[in-house]
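Here the structure of chain A is known, so what remains is to put chain B in place on it, guided by the hints.
There are 2 protein chains.
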Amino acid sequence: MKPLFRSGLPAAAFLAAAALSPAIAAGESKGRPWTIEDILTVPEVNEIALAHDGKRAIYAVDIADIAAGRPRSHVRTVDVATGRTRTILTVEAAKSLRPIPGTPDWSALLDFGDGLQLYRMDNEGAVRPLIVNPSPVPVGKADMSFPIGGGMRPSRIGVLDYDWSPDGKWLWYSLIKAKPGAGRVRFDDEVSALRNRRRSAIEVEVDYLLRGPDGAAVRIATRPSTDRVATRGGGRIVWQNDEVRFRVEVQDGTLGGKFELWAWDRTKQAISKLASQRDLLSMWILVGPHGGQLATTGVDKKLELVETSSDGRRHSYGPVAFEIGDPRAAGWKMSADGRRVVLGTRGTEDLRYGLAVLERNAVRVIDTGASLTRCGFDGALATAVCVEEGMTIPPRLIHIDLRTGAARRLDSISSRHDAIEPLRVIPRSFVSRDGYRAQGYVVLPRGYREGERYPALVVTHGSDADERFSEPGNQWNYPVQLFAERGYVVLLLNDPSPRQSDELMDAYRAWMRGKGPPDPDTVRQRIWLNGIHSIEDAVKDLSTEGLIDPNRLGIAGYSRGSQMVNVAITNSRLFRAASSGDGGFLEPSGYAGARASYDPVYGGGPLGDNIDHYRRFAPSLNARKICAAVLQQVASASPSQIELFEALRDADVPTQLSYYPGTSPASDETHVFHIPSNRLQAMRENLAWFDYWLLGVRDPDALFAGRVANWDRLANGQRDRCVLTPRQNAQSSSPIPAKIR
Amino acid sequence: MKPLFRSGLPAAAFLAAAALSPAIAAGESKGRPWTIEDILTVPEVNEIALAHDGKRAIYAVDIADIAAGRPRSHVRTVDVATGRTRTILTVEAAKSLRPIPGTPDWSALLDFGDGLQLYRMDNEGAVRPLIVNPSPVPVGKADMSFPIGGGMRPSRIGVLDYDWSPDGKWLWYSLIKAKPGAGRVRFDDEVSALRNRRRSAIEVEVDYLLRGPDGAAVRIATRPSTDRVATRGGGRIVWQNDEVRFRVEVQDGTLGGKFELWAWDRTKQAISKLASQRDLLSMWILVGPHGGQLATTGVDKKLELVETSSDGRRHSYGPVAFEIGDPRAAGWKMSADGRRVVLGTRGTEDLRYGLAVLERNAVRVIDTGASLTRCGFDGALATAVCVEEGMTIPPRLIHIDLRTGAARRLDSISSRHDAIEPLRVIPRSFVSRDGYRAQGYVVLPRGYREGERYPALVVTHGSDADERFSEPGNQWNYPVQLFAERGYVVLLLNDPSPRQSDELMDAYRAWMRGKGPPDPDTVRQRIWLNGIHSIEDAVKDLSTEGLIDPNRLGIAGYSRGSQMVNVAITNSRLFRAASSGDGGFLEPSGYAGARASYDPVYGGGPLGDNIDHYRRFAPSLNARKICAAVLQQVASASPSQIELFEALRDADVPTQLSYYPGTSPASDETHVFHIPSNRLQAMRENLAWFDYWLLGVRDPDALFAGRVANWDRLANGQRDRCVLTPRQNAQSSSPIPAKIR
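Chains as they are written, first to last, in my numbering: chain A, 1 to 741; chain B, 1 to 741.
Any given hint might turn out to be false.
The calculated SDA-like cross-link candidates involving lysine to any residue, where the alpha carbons are at most 20 Å apart (straight line), are [stated by the list, open to error]:
no.	chain 1	residue 1	chain 2	residue 2
1	B	K302	B	G435
2	A	K301	A	S463
3	A	K177	B	A666
4	A	K625	B	G608
5	B	K179	A	S664
Just so you know, these hints were derived from the structure itself, not from any lab.
The structure displayed is predicted, hence computed values, not measured ones.
So that you can see chain A by itself, here it is in the shape it has in the complex (with noise of 0.2 Å):
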């Protein structure tokens, strides 16, 4: 259906092809261009659910909130029949949206400014309180909090999780709460922990509470912060008979952690341990109708679905050609009585994220022909409410019947953005000289020209790049729509896809577990280089077809992104401005904090014997190769940036480092921006910046007073070895495309 490109078409077959596909509404002209804020607000649903009866959906939408300096989220019920949907609450935060069992009412975890606590509300955003801290606890990178996870912005938790028995008369719940006592001396290893302290940090413990169908509530269990499970609010439980089962972390020292299900007995009210182990990760995550463990196997085009039960038996339902697991796919759910199973998968050829049913013998796929993101699911896991988006689609609702596949569209979830006139957006994959596929979209300038080369923009952040809509998690502060508006072609590549091989998966392992096989060299050939060979095949080929000017071409990346970018302009000479997003992982300085990461690919610390390996290959000990100016964008300030940044202007590379302050002094802006101002900043910032290094245009009035006078100097003070000059830019054929507001 969708047509994949090989490297080396001729250009008028590539922009036929284009024509055809079906993102692209070829002919029309009827939206409006992309603005910045446009990008700004695209909205971002993570939470979704359907009533048992499956006739009303309920699901929350974050969108930035620019007035108010942070996004809020919308929750919005949809009534299923008719599409009709309402904002009924807007409030800091919602979770966990659940239909109340036995009731005609919905419960979630709101925060209306004192942080997340448990809400009972009706269908028209009548609230009223469940559970509520009245300690609610600091969490996220900010002083005097606690850090969980890693990208969470910083705000209070009250109520970590909770969860309805079947009949709805008992209630689990988790409360988070500050441990007091201060004021230990640490020892060693704790110590050692602190060795990458940017801010104050308390310590907390989490209480699992159950509350009976007598409004009394029990403490069951509590839970240190060391358990992941318990901090990350997973508690999920089941109920079985008088037992309330949960899984708990224990720590064993590894960095995988142990893991044991432990039971609530509701009659003796006793805790007892079940069992301990991975095996028993399975009891919740991917389970099939055979009641083992799902998962696909192979590499490449020849994916398997097979299910593997605990005594090690195995059923295979085939050949697929989609993955499971993926956090970013629409989750997974079981029918009542164990037989069917809905999953979400991820494509490997199409990027789309989609649904699967799974009987006992067989695998349904259900194509809409977008991306499936989010979806609740109704009691008899017949119907589905799902969020549909794709690379052009803006979200909206859909309805999905799941015994027939049957789609119906319900209401879209952002009329501002179905008012754009979509750009052309052309999925691709390249072959690599060394043999890798890479996936990826060339998104073409508005207004495009056969026969006309464009500047060029690579934006890259390992797998992001797939059927979703302007996702923040892939093309970050880069303003991907915009540079398309003022006239770049932008390239949104991949990492070549470590299942396609066996050898990439190997380099990958390596890396994931913290040791090889595979040697170092051979790490860092595979997971770099071989992506940089990627990247420059690609570029090479858009080029071959007369698309883009090889001589105006830019790379931008973000956190695995900003590896990619930091190892291309030292091992390549073809950009020549990039911007590296919040990274500053292969740089020597990070070694003693991630040392288990960096090991795998340079065989230890840089001071011992290794430091041969960091002298070839740490972008820092080789600024000296660079050909490009080179933005670095953070959150974090981390020794291993400016230990970049200072290599860089040491070699008098052009160089920036911007660095993005949190609301105040006191909290961090997270690794993927959540500050509206800082967005808009960074995104005009990097325009500024591939404008002036590769169009040569300078805007003195830019944001921030100087910057413009300070590039000025760069260029004045770069090295002549391979960088063209912005005024020789400036002099080549190409339109400059009018700068946007």
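Just chain B, lined up with the frame of chain A:
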């Protein structure tokens, strides 16, 4: 008067001489032994003033308050005629005690719990506010605070400084205020400066105000937080005709900063800039009776006191045996007619602080036989009231006639410490194999018996072993007196003074300046390795003399001392146990945050061509050479400290890293600990550590459950290359002293 011992003196002569030492009350035995609380509660006087007529004095003494969990400041008035002392106030902090001209009252910056504010008080302690800043600013190493200075404990400041016009009618004062508006995006160097950030910081500015006789105040300047003169409360004022003159620091990108003299005209209500740069520094620092700058010149025992006018003319006061300008000394004051100057001095031979009275052609030294560490002077500069103390002399007040030198003792400052039977402490100097002299003190164990060898401890901290009483800035958390009480010889040993040789001075200057010459090898040799020779040779002398047991030898030091400890254990095999306090300088991971201090030592960073310098010298890279068990007690948990800890552990060196926290996770312990419980625990930890590793004494009930058991594991796991096991030590011939409570 005080014998200076030479290396190699036989033990009998050494001890005979010891008995003659004036600091030792030989034969007397009326007092009680030292307790750990005695060390904790040693009083510290930093503020003292004398009334204009010389009849009344006021001082503030800081004493650790165990119950309160912090030091408290006691303000006391003294009737100079009778010596009668009364405590009139107890507050959180008291600074800048001064008589109010033309009145019998005092003024002071006092912290009653709402930050340092300016008060007026009468001699009985009746207090009323003069200037109160309603929004005092949090300062110190704490969340959302301004990190003023290095060692200030977390507190709040409203009024930073003040000064009365000579007639008492005008009041100049400075207020610190938080600057609103966080959330600024930062770039480049401003981000690099965050590399070692461990806490959130606020930005501040300082207002200078002038209150006239009519009670109205005008703001005469606002200074940024980068003006260290302003923020350190050092805006010292000169009242000259209608002008109020003060110095400001302006930014010129140099480490030393650039200064300007500003003048506020009281009639014109306008500010003008009189002059700039360093020639103005001499306006308030060590001006002599000729109006020039005072300094001592020359090397070692040939010091000469000279005064240099701004036109370069040089006046010599002849040879002296002291240095001037030491912040530990009593300060500087000039008579109203400018013809006489009183200077605080530090003796180069006797290591005592004293006073020198300078007239145009004469210098007269005032010597009371002990140190004069803080003094207040009357209006005529005729008399002074000073704090007098010594190694074995608890602080007491003394009245001094500056014309005759006649001295009269007033009250003791701490009767608690008067009740302690002094230990025998013998001043001593040693000459090393390199020909350098190192000065210090030998503290004999209580009940010392001639002919017996004792376990011994070297305690070192720059030049702080001098005639002060149990000085925390010297002995830190090493309870020297308790070690002596329980049978150790303690050698308090200074670095060889750089003053004794141009070669040493050149090396220190290179270190301070941030670059050589001399070259890094030479700098390391002169500043650290020669110092280690001095320590080794001093210890060998004491061993040759039969005083100490060379097999039971430990070394301890903090800050500069921790450098010497860490270099000693990696370059000397003499020591079996070490305690290294809140250090980390010289470790590779400290480079990025302190380039200028590392460059002269190593030639550059550790990852470039200079790595061999690091490999030869950085303690963590030489861990395998260590023969000592190494305790690190730290207030900062810095990457360097953790780097050393992990290197030692990896090399199977018995080691422990103990991190002492602030009063809550929101603040830090200071470099010189200020929290009484931390000081008590750290002192007890040092006692237990050296008892265990030098004497084989295990106390399983000791502070910090489980640590001694861990030490057993470390002892069993250690390499056997050069370390005696605790058991072997326990079997040595010396009696193991009884543990004290």
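Status of the hints after comparison with the structure:
1. As the CA atoms of K302/B and G435/B are separated by approximately 17 Å, the hinted pair is consistent with the 20 Å bound.
2. Taking the CA atoms of K301/A and S463/A, the gap is near 17 Å; set against the 20 Å cutoff, the hint holds.
3. Distance restraint check for K177/A and A666/B: the Cα-Cα separation of roughly 18 Å lies within the 20 Å cut-off, and the hinted pair is therefore satisfied.
4. Distance hint between K625/A and G608/B is fulfilled; the C-alpha atoms sit about 16 Å from each other, no more than 20 Å.
5. With a C-alpha separation of about 12 Å, the suggested pair K179/B and S664/A falls inside the 20 Å cut-off, and the hint holds.
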